[in-house]
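There are 2 protein chains.
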Amino acid sequence: MEATDVAIDEAQVLEKLERLLESEDAAVEPLTELLGSLDARETARAVCELPIEQQAELLRRLSPEAAVEVLDTLPEVTVVEAVEELPADVAAAIVHELPSDDQADLIGAMDSAAAAAVLAELADDEAERIAELAAYPEDCAGGLMATEVVALRDIATVETTLRRLRAGATKLRDLDVQYAYVVAKGRRLVGVLRLRDLLIADERSRLTEIMIADPLSIPAETPLDELIAFFDSNSFLGVPVVDGEGRLLGVVSRRAVDEAAEEQATSDYRRSMGVVAEELRSMPVLRRSRMRLSWLSVNILLNVVAASVIAAYEETLSSVIALAVFLPIISDMSGCSGNQAVAVSMRELSLGLLRPSEWLRVWIKEGSVGFLNGLVLGGLLGVVAALYAGNVWMGIVVGGALAINTLVAVLLGGVIPLALKRAGVDPALASSPLLTTVTDMCGFFSALSLATLLLDKLV
Amino acid sequence: MEATDVAIDEAQVLEKLERLLESEDAAVEPLTELLGSLDARETARAVCELPIEQQAELLRRLSPEAAVEVLDTLPEVTVVEAVEELPADVAAAIVHELPSDDQADLIGAMDSAAAAAVLAELADDEAERIAELAAYPEDCAGGLMATEVVALRDIATVETTLRRLRAGATKLRDLDVQYAYVVAKGRRLVGVLRLRDLLIADERSRLTEIMIADPLSIPAETPLDELIAFFDSNSFLGVPVVDGEGRLLGVVSRRAVDEAAEEQATSDYRRSMGVVAEELRSMPVLRRSRMRLSWLSVNILLNVVAASVIAAYEETLSSVIALAVFLPIISDMSGCSGNQAVAVSMRELSLGLLRPSEWLRVWIKEGSVGFLNGLVLGGLLGVVAALYAGNVWMGIVVGGALAINTLVAVLLGGVIPLALKRAGVDPALASSPLLTTVTDMCGFFSALSLATLLLDKLV
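Top to bottom, those sequences are chains E and Z.
Quick note on UniProt numbering: the first sequence kicks off at 1 and runs consecutively.
Quick note on UniProt numbering: the second sequence kicks off at 1 and runs consecutively.
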């Protein structure tokens, strides 16, 4: 009952929203009132269901501040598409309201013509700053940093600093990280100041006395992996980003790194299951179909290649037709065993417990487990096959093939992520198809060549 | 070259560490010196490679503070096992040094006898507090909260507060969240104070004047999903946790929620690939083999069930042996299509764009994509099959079976995570085996029953 009520409410909300957006009367109050009654997830659900023109119309009618609040609730792909649909001046007013790292992400994700049009509507210095930030890859320090930083001169005292902060109190409002940075002439970073230390310090102290001197800092090119390792090793809430001359560029917060790491992890999961692009079910059918087919068509090709091994042994198979029952099992089980080894390698890589060069260590560790599990699984399936065919040799062929193939699968699965990582290919996306193609071929080959060898015992 | 050098260094470090731990001389300086030369990941790699007795010996020799630094670098499963191996008094000294949420996680994860022994060594009030915290499930507000909170009385002024903070300055040191909480008599929560507001406030103000009154708070039972949604909707760095009477229990930081969400996402990924427990390659072979077999043995059973469909049609198959080449392809491709639908549902569930009750919406959206992709993939494979067998009916059987099965797979894959979620079963772990078993059976059945129907056209 409850679920149905919720569904009705949502249908009503969506209908009301659409009616408001279709009416010529552009009064904004009913819209803000309706949106104000929804929480973040309800807003996201309603807005995602709107056609893209109406999403843009909604953003156009709201104030830029209110539009940003709506955008904050939406998946990134929806944000980009809706903003691209807006007139450049409206989009620019919204971009102006975003924090610096979100500005750069959005502009970087838009198609280049739309992005250029938006930048042209912004003040020159803001446009330049955004374009510079957007030029960094999204998953490195430059792409994750915020440029909203409290930078204080090294010659100040606690008292003058507090007076200045009190005068411009709002500047502290939206800071994600609770540090201020002490800079020398030319914005060269010389120290870090925790705001809480400012709170408890003697007012006559100089900042250079209470700051942490020679602070850790990172270059803008630092990749996400190293940022994760950095925050694993240090308990800071943020780390300053500097250029080649040691000048303060911005700050990467632990929060931004955590969020990027989570996004990477969930997207690893999705890509390992063949969702290559960020699909939402509210997208048009043809587009969703095409997104999925890009992955499926590679897979069907690989599958045909693997199955060609069976075709080569059709003669054997027609003499020992019972084998056809067990070929899909051998193929699927080897895939399962190999994927476990893939997942353990992915985990050890991300924990820093394994380096891409250590394939020998992986082989030693996987070899023993693969041998054991091959014996157990091969033994099990062998017994089933022998009973089914009423022929012990059938058990030996099927069980032997699965045992061999389990060993091959874990050896291969353990090192595939290492090899892909070294080659710069995304292991989450490519490991599984690569693995199952090879293990399918190897499994079919083991079973059918063993059967050919023992043909007189089997028929 | 570089990789080899690194490997040699690490072997040397490990050897030196083992030699130090084996020597009777319990001098701690060489140990701390060696560990001091390693960063977090190097420490983790070296310690994980040690046998468990030596891991415990290392922790025993270090000061509790230094032991905590080592533990911070290790995967959770290693921490728990090493601490369980310690004498209770040594373990208690280490637990005493941990932040409150880590204390509770560790005690909660240890086996109950070892946990009780450690608690018995701690002061009564600390033991009681830890036991209370450990009683909360790990992924709810109570399990994620820290009890280190700055709680200020509502009758204080800014000046008296600053004086008290300056007197006990260290109390602020290790706070994760930059809020203080204002409480009335009986620790009842009445307001939230941002430390930065304290910094810029007039010293004569009362805390009640500058605090945010009637702050948002959450009960200790709030599950992780709702915490993620809460921090999605609000930009706070933390949220206070209260009991049924509104008394302040602790604070859940955005950081703790982000980290738990990331852990959940990576563990979803691993479990979807059949890594049920937290395996590390440094664990003993038999244990790793057993961990993996628990998942594999369920899968082999399901595979045998699915393959029984082929066995039932052995007669048809022996007349149309070419079909045996295509059965594994149909099985694998349907699994791929279905897993895409699983992953999209998992994503929409976690974004809050889909509720577990909305299977009808999923079916409508998946039906259209499944129909289209079924046509494309079935058409492709049908052409291959017709060419291979030199018989257009063969193409119709194989292509038709894949088309039907693609539709079935996405309809099923789209709703399986919803059904499992409602049933309280982990969708990441169970979706894929469930899906592929049903789609295998359905695919084999479609292909073989179609072939039986059209047998006179095929031979």
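Simulated from the structure, these hints should not be mistaken for lab results.
Misleading hints may appear alongside valid ones.
Claimed, not checked - These stretches of chain Z come out as covered by chain E in the derived footprint (C-beta under 8 Å, 3 or more residues):
1) 36-44
2) 50-60
3) 214-227
4) 334-340
5) 343-352
6) 373-382
What the hints assert, rightly or not - Per label pair, the in silico range of CB-to-CB distance:
7) V77(Z) with A156(E): 17 to 23 Å
8) E29(E) with R422(Z): 46 to 52 Å
9) S63(Z) with L375(E): 31 to 37 Å
10) R422(Z) with A156(E): 40 to 46 Å
11) A116(Z) with V77(E): 48 to 54 Å
12) G36(E) with E128(Z): 43 to 49 Å
13) V285(E) with E138(Z): 50 to 56 Å
14) E97(Z) with S63(E): 33 to 39 Å
15) S357(Z) with E29(E): 31 to 37 Å
For every residue, glycine included, the Cβ atom is placed at its ideal position computed from N, Cα and C.
* Against chain E, does the region 343-352 of chain Z show at least 3 residues with beta-carbon separation below 8 Å? -> This one holds; 8 residues, not fewer than the three required, reach chain E with a Cβ under 8 Å.
* Asked: Does the Cβ distance between S63(Z) and L375(E) fall inside 31 to 37 Å?
  -> About 47 Å separates the Cβ atoms of S63(Z) and L375(E), which means 31 to 37 Å is violated.
* Check whether three or more residues of the region 373-382 of chain Z sit with their beta carbon closer than 8 Å to a beta carbon of chain E. => Since 5 is at least three, the answer is holds.
* Range hint compliance [Cβ, V77(Z) to A156(E), 17 to 23 Å] -> Once the Cβ atoms are compared, 49 Å apart, the range 17 to 23 Å for A156(E) and V77(Z) is violated.
* Asked: Three or more residues of the region 334-340 of chain Z near chain E by CB distance under 8 Å?
  -> Held - the region 334-340 of chain Z has 4 residues with a Cβ nearer than 8 Å to chain E, which meets the minimum of three.
* Asked: Does the Cβ distance between S357(Z) and E29(E) fall inside 31 to 37 Å?
  -> Between S357(Z) and E29(E), where Cβ atoms are some 33 Å apart, the hint holds.
* Asked: Taking a Cβ-to-Cβ distance below 8 Å as contact, does the region 36-44 of chain Z have at least three residues touching chain E?
  -> holds (count 4)
* Cβ contact check, 8 Å cutoff: the region 214-227 of chain Z against chain E, three residues minimum -> violated (count 0)
* **Range hint compliance [Cβ, G36(E) to E128(Z), 43 to 49 Å]** => Holds - the Cβ-Cβ distance for G36(E) and E128(Z), about 44 Å, lies within 43 to 49 Å.
* A116(Z) versus V77(E) beta-carbon gap, inside 48 to 54 Å or not -> holds, 51 Å
* **E97(Z) paired with S63(E), Cβ distance criterion 33 to 39 Å** => Once the Cβ atoms are compared, 51 Å apart, the range 33 to 39 Å for S63(E) and E97(Z) is violated.
* To do: Closer than 8 Å, Cβ to Cβ, for at least three residues: run that test on the region 50-60 of chain Z against chain E and report holds or violated.
  => Per the Cβ count (0), the hint is violated.
Consistency with the previously given hints fails for numbers 2, 3, 7, 8, 9, 10, 13, 14, ordered from lowest to highest.
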